[in-house]
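The task is simple: from the sequences and hints, build the whole structure.
These are the residues of each chain, in order.
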Amino acid sequence: MNELSVNHLLGIKYITKSDIDLIFETADHFKEVINRPIKKVPSLRDVTIANLFFENSTRTKLSFELAEKRLSADVINFSAAQSSVKKGETLIDTVNNILSMKVDMVVMRHPNPGAGVFLSKHIKAAIVNAGDGAHEHPTQALLDSFSIRERLGEVAGKNVVIVGDILHSRVALSNIYALKLQGANVMVCGPNTLIPQHIHKLGVKVEHDLRKALNWCDVANMLRVQNERMAISYFPSTREYTQQYGVNKNLLDSLDKEIVIMHPGPINRGVEITSDVADSGQSIILDQVQNGVAVRMAVIYLLASKIKN
Amino acid sequence: MNLLIKNAKIIDDTSSHHLLTKDILIENGVLSKIEDSIENTSNYETLKLENLHVSQGWFDSSVCLGEPGFEDRETLENGLNTAGKSGFTSIAMNPNSKPVFNDNAQIFSVKSKTQHHAVNLKPIGALTVNSDGVDLAELYDMQQAGTIAFYDYKKPISNPNLLKIALQYTKHLEGFVYSHPLEQKISGNGVMNEEKLSTMLGLAGSPNLAEAMQVARDLFLLEYTKGKLHIPTISTRESIDLIREAKIKGLQVTCSVAIHNLFFTDEMLHDFDTKYKVNPPLRTQQDIDALLEGLSNGTIDYITSDHNPLTIEDKNVEFEHASYGTIGLESAFGALNTLFSTEIAIKLLTRGKKHYQIESFSIEVGEKANLTLFNPDEDYLFDKSCVFSKSKNSIFLDHDLTGRAYGIISNNQIILGK
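Protein sequences, first through last, are from chains A and B. Once you know that position 303 of the first sequence is 303 in full-length UniProt numbering, the rest is easy, because the numbers rise by one and skip nothing. Once you know that position 235 of the second sequence is 235 in full-length UniProt numbering, the rest is easy, because the numbers rise by one and skip nothing.
The set of hints was computed from the structure by calculation and includes no laboratory data. One should not assume that every hint holds.
[Said to hold, decoys possible] Computed, partial: chain B to chain A, Cβ under 8 angstroms: (1) E195; (2) T199; (3) L201; (4) D271; (5) F272.
[Unchecked claim] Cut-off 20 angstroms, straight-line C-alpha distance, at most; resulting in silico cross-link-like pairs (SDA-like, lysine to any residue): (6) B/K275 to A/E207; (7) A/K124 to B/K33; (8) A/K124 to B/V317; (9) A/K201 to B/K196; (10) A/K13 to B/D273; (11) B/K315 to A/S120; (12) B/K33 to B/N412; (13) B/K111 to B/N412; (14) B/K98 to B/E138; (15) B/K196 to A/E207.
[Unchecked claim] Derived CB-CB ranges, DEER-like: (16) A/T90 to B/N43: 51 to 59 angstroms; (17) A/T90 to B/D271: 14 to 22 angstroms; (18) A/T90 to B/Y140: 41 to 49 angstroms; (19) B/L209 to A/D279: 40 to 48 angstroms.
Predicted, not measured: the structure shown is a model, and the values here were computed from it. Ideal Cβ placement from N, Cα and C applies to all residues, glycine included.
As structure tokens, then:
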């Protein structure tokens, strides 16, 4: 198979294992490209991509923009933290206005779950979901799995624990879908208030004791506590959170085996992980960032080739 | 109005003609003859429709019509015509208007505007001034003007003492209080049922707990005050259990269920389709089973279409921004008749009347003609051509239904739809 089963990347739950395999094979190639002296290929010279960020982002936006430029696509950027909505313009109108300037693909981050799915029913352009509320962040999950595969050889059969704020996290949800699809065992760990009531129905284990979770896993993906998404306090203090769910070097060293530490960033150093953990040899946090560009190049390249066909 | 209806099967278990196919002669709005075959000696207009069935006129206890204030959604005139074409001879209209109906002048105004229509409209007054949930509106005055129910439409009464006072105040009035079953703090930002699917979609969920807690609280207040309470549109199995127990205790509580909460589970929301965004939210099959059981054993008193017209702009937006609600008059019979036998569907569509002081007329010679005409066997895809409302936000669009209303005969007039 050499093309994706979908015309958009709206979430991991809409794609297949074969899609993931294809994306990874393509990303392997692009990873080699971005490590060459000339880091650019002319693949998408006739493709125009709009990065529409209706919610603040630095890293994801930079990563997408770099991926697009490495593929020689024409890129336009639009950032409006919901300002158009406040002015009364609908999402469909905003995007159609941009598309009327002959844009082929839209990379969108939006605060509302399902915004990409909604848009895909109303506009004519390939859509890449760069995060929609607490729903999905598919490229993050892909680059996370790609990084596990790179470090451990494969994802299938590995034990992966996602630690922290699962309730508000699109990264957690997309990772659960991606890891399960590839045959990994998934556990979530965090204070009960930040674990969705029905999460076990997605086929994941739930653990509230961090030490037990870390002893079980091969990989720990440490999520950031998203204070900005919390309407009320889900735990008494950051200090108390760190006491229970922060990973420090002593804890890591006391485990039965050497596990891999991941983090989607940005890191709250000293909260979910300490600096010596983040900067240790067990951490693949910066590999994740580099792989992000290669994986996003693969996704964009594969979706663009479907437009051309 | 004079009319000869040919070959109509009568569905009315209060009538001696129940389940018989008859000709029915209507003279001056009164049933003057019901016989196997009636000759049209006076040359009256004749009505012949395929597989025609007639029953007593239907009633819906929760309808929004938009006027005044939201005429872009619906108007009184077209809304009442829609009700008639959909088989309803009487409706209770929610104070979902701008301004809300919270004094007698507004009640008088809507009554006088609609008094000559075939469809009998019972306005529901707001419980509190501007439906703000703070001070009681002039309930006695509104009742004198013609309303018997008081409801801050879809707004939960967050202050329990306000509900206590409202129940005490209305205890000796001819009227009763609606309390919307939702504990808002527990529901939080929930926009759909909290379950596996809400988790999968990353949408905040509203758990059954949020409804059950409010119902439990309200029933405690009812027991204390010995007042009269209606709980509109329940959706959870827990609510059924609580209300059943309250009725066994002898409390004066009634409740209703929205037809779409019997028909669809929350699984319909899998691709964020806002037409399924309703309040209360679509729940699970377990809840539906309990609701169906509650209807058959009488725990749930009556059904409603919970008709709420909304514009494209209200609905065709991101899920979290979309308004709650669906129109339901046009699909009400088809949906119920798909779920139940025709006789039970008709019972459910008529048994709420007595609570709203709406007179029922048996299908017998000498009685007023207050009839719904329908075909219970027509299978069809419910699409936009089935919608008479100004707004098209039907949750039933693109679903198969069995049974369609032809229209009504009421107040000496006839209204026919398709």
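Could you tell me which of the numbered hints above are not met by this structure, giving the numbers in increasing order? Hint check: 6, 7 fail, others pass.
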